[in-house]
Structure formats: structure tokens, C-alpha cells
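Chain by chain, the residues:
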Amino acid sequence: MSNLRTALYDSHRARNARMVPFAGWDMPVQYAGIIDEHKAVRSAVGMFDVSHMARFSFAGTGAEALLEKVFTNAVGTMKDFQVRYGLVCNEDGGTLDDVLVYRWPYGYAMVANGSNRTKILDWLTKHAGPDVQIQDQTLATTMLAVQGPKAAEIATGLFEHDVTNLKYFFAQPTRYRGKDCVVGRCGYTGEDGFEIMLGNALGPTLWDDLLAKGVAPCGLGSRDTLRLEAAMPLYGHELTEQIDPLQAGLGWAVKLNKPFIGRDALASANEAAAHRPKRVGLELDGTRAAREGCTLLADESTPVGVVTSGSYAPWLQKSIAMGMVGPGHAATGTKLLVDIRGTAVPATVVPLPFYQRAK
Amino acid sequence: MDLTALRYAASHEWAKLDADLVTVGITKFAVEQLTEPTFLDLPKVGKDVKVGQEVGVIESVKSTSGINSPVAGVVVAVNTSLVDDPATKRRGNLALVNDDPYGAGWMFQVQLAPGATLDHLLTHEQYEKQIAGH
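Chains A and B, in that order, give the protein sequences.
The first sequence begins at 27 in the working numbering and counts up by one.
The second sequence begins at 178 in the working numbering and counts up by one.
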């Protein structure tokens, strides 16, 4: 089966993007180069086609109850137009996905990972009563992330509403060139920025408008290095059905004081937290990258964990990684070794995030 | 650099013969596939190497690739300007690999083993044919 293509596919090809298969889509991994794209987002502004992300809308009187049941974070306390991060877990507390929930006066929306679109849609459908209507809007819409310290300047005057006054993790339904769209102030890079969802017809036009304003086109390569510096988990790496949100350090997004699927398992796991592996940040000596799957060792012969993501960090200009490490080896300052293709490279446990923007 | 005077391994190393000394680097095509290098590990001087043996590693943000010796012999020199020097904490200048893969970005030199040749390697024309269509 051939891969899906976003509405921006031709725009990417026109900019000589290197296209790769990702989550069932043909997606740009880079244009000019990952390092330049990464630096553009940290120092100015870049944009990402994230149309492969899953976009669901919920209507009906049972929408809130459904979301409260499948989402680890609180839904009932959300304000209209608020966006909230949380997890979808199975009964064992394993992570099915990490998602954003949007609350509107007239219903809800959810953005999930592209690689989990079918799994999450099936899960939602399975737990939905007849009083909820779920729509998958992914294929009909385009989603663009505009990220960087100059994102607000770029967004000025682009939409019918002034989105530059939006608070972080709030969204605004508005219009772009006369057509409905949604602009949320959020992102996955550690910078200020917006995520824009609009109909496919105007996707390429918005891309071109942003290019004309000097926004750097960025691919999934720099999206990954940016989120790694910001220590944001990536599903399939720091979060899996085998890694629950508490181990991943996402306890702040898990409300154990409300019922949801997986709550009981997570509550028990929380009691045993001191005896379980947990996510840590690592800084390596030198510039060699620790890749996913590299073994973490306490000394030459004692494995204590595994790397979940690692890369040379273009902004910090050092080799950083995240990994799952057993109890007793996760404290800041702990010296570990990373087995990189047979070479033991020294690494130190450091606090997360690696990078935090000045506010 | 006359690229037709070089010989090539299918794994994208080039080899240049002067008497019995072979200079080795990676091709422009390899550099473009890799994108900006971020880490390089080269063999130690004095190492015995066989044809196709992995003797080094080059990394970019996204990928890790082995560097193979295209010929048999002994490593007699490495391009120290490319690699980190832990003693002085000087960072290797990997931009040279990007900017001048056939010149200042050379990686190591091998003294050919007795009787060893470059005959098993691809000609420029054959290598060009291999990478066509990428």
C-alpha cells in the first residue's frame, strides 16, 4: 500500500525536501539541513507540516464523559478554548498514546500521534456510547506548526482574530483568507509558537504565505532534535504500551483522583515508584550520539537501563540522550556508561529539560 | 582533484594511489546522503586493515555509518584535523568533510600490504553508475 500524502506534498518537493516514509505518510525529514533548521527555530522561526498527526472531533452530550474516561488528565475542569496534554492508557496503565485535548463551547477535539491514528480511533469508538459522535478530520485537513521566538510576529495579521494574545495552551477558532481554521498556542519544540489547522484547500497557500514572511521550512529531523532538547517524550520511544506515564515523568498529567481507564494500575504503580525504572536525561562525553536501544551501564559489566532517544543536540552542541534507568542509578550526577556499538562512552545523569527558553 | 583517477568502494569510500600509499575518504555522494557530520572516529595509526573491514564511524544528526577500508594494509596516517582532541578539548573540524571530501576532508592513509592492489575497486564510471538514480 502506498503512503498517504499531505496537501503540502508538492510544496515539499518544490523545496527539494528529502522525503521519508513516516507513520504511513510520505513526510519531509529535512530541506537544507537538520542543524540549520533546528537553529532557525531556536533563533527565529520555522514551520513544520504536521498534517500526519491525527485530528479527531467530538460532539454530543456524552463527549465529555468519554474523554474523561480515556484521558489521564482532567477534562471537566478545562475552560472553553483551553488545550490540555495527557495520556491515553490501557487497563494496565501502559501508554496507548500521548495527546492534546481541545475544549470548545460546542464540543471537543483531540490531536494524537500519526502512528497511532487507527489504534486511538478504534479505542475511542470502542468506549463511546451512542451519545458521542467522533469524526476523524485528519485526511481533510492540514496542520502546520509555526515555532520560534518570532512566531508571534509572523502570526500578526495572518488571521481574522489577533492570535498573538492567546495564552499558552489555549486555542482560537478563527478565519484565514475567509475560511475557518483553528490556531492553538502550543508546540513540540520548546519554543513559543502556534499550531494551525485548516482545510486542505488552503494548506499550500498558508505554507506559501509563511515562506514569503521568511519562515524556514523544517522537517521531521529537526522536529525530533528540538523536542529532544526540550525533553518532550516521543511516542514509541519514551512512551510505549510497556512504559507508563508515571515512569516517563508525566505524573503532572495523570490525575489519580478521578476515574479513567488505567487509573487503578497507575495508582498501584505509583506506590512502588521507588522500585521502578524511570526516565532520565543524559549528557555524554564528546559528540558521539547514543541511539535508541543502546545499553546503559553502571560499570563495564552492569547493565542498568536503555537509551530511548539520543542525538547530537544542534543548539546545545553536545550529545544528549533520554533513557529508562533502574532505581539507584537515576539521581542527577550519577555517572553511567553508554554502550555505543561496543564502545563504552561515559555519560552523566542531568536534570530535564536539557533546554528551556527564556520566558 | 581528478575524480576519474580515483577508485571507489561500493560502500562509498574513495581511494587514491600514490606509489604504495593509498589515501582514503568518503565520496561527495556519501556526504550528501549523510548530511552534516557531527562525529567521526578514525582508525589508529599502525592498525592492520583488510578490504571491507570497518575501521571508523561517521555520524550525522540522524544516522550512523561505518567507514570501511577499501584496501588491505597498515594505517600509516589519519587526518587529525577532523577528529576531536581530548587532550586539548579541540573539536574536530568536520566541515572539511562536507566542504572538500576529496581534498582536506581525507580520512586516513594505508600502506598497501605486499601484493595488494586496487583492482577490486570500482572505477569512477562504475561508481557513477551505482549511485545513479538516487
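Simulated from the structure, these hints should not be mistaken for lab results.
Heads up, a few of these hints could be off.
[Stated by the list, open to error] BS3-like, lysine-lysine: derived pairs with alpha carbons at most 25 Å apart:
1) Lys385(A) - Lys361(A)
2) Lys65(A) - Lys266(B)
3) Lys281(A) - Lys304(A)
4) Lys304(A) - Lys152(A)
5) Lys224(B) - Lys344(A)
6) Lys95(A) - Lys281(A)
7) Lys193(B) - Lys224(B)
8) Lys266(B) - Lys361(A)
9) Lys361(A) - Lys344(A)
- Query: What hint numbers does the structure not satisfy?
  - Reply: 1, 4, 5
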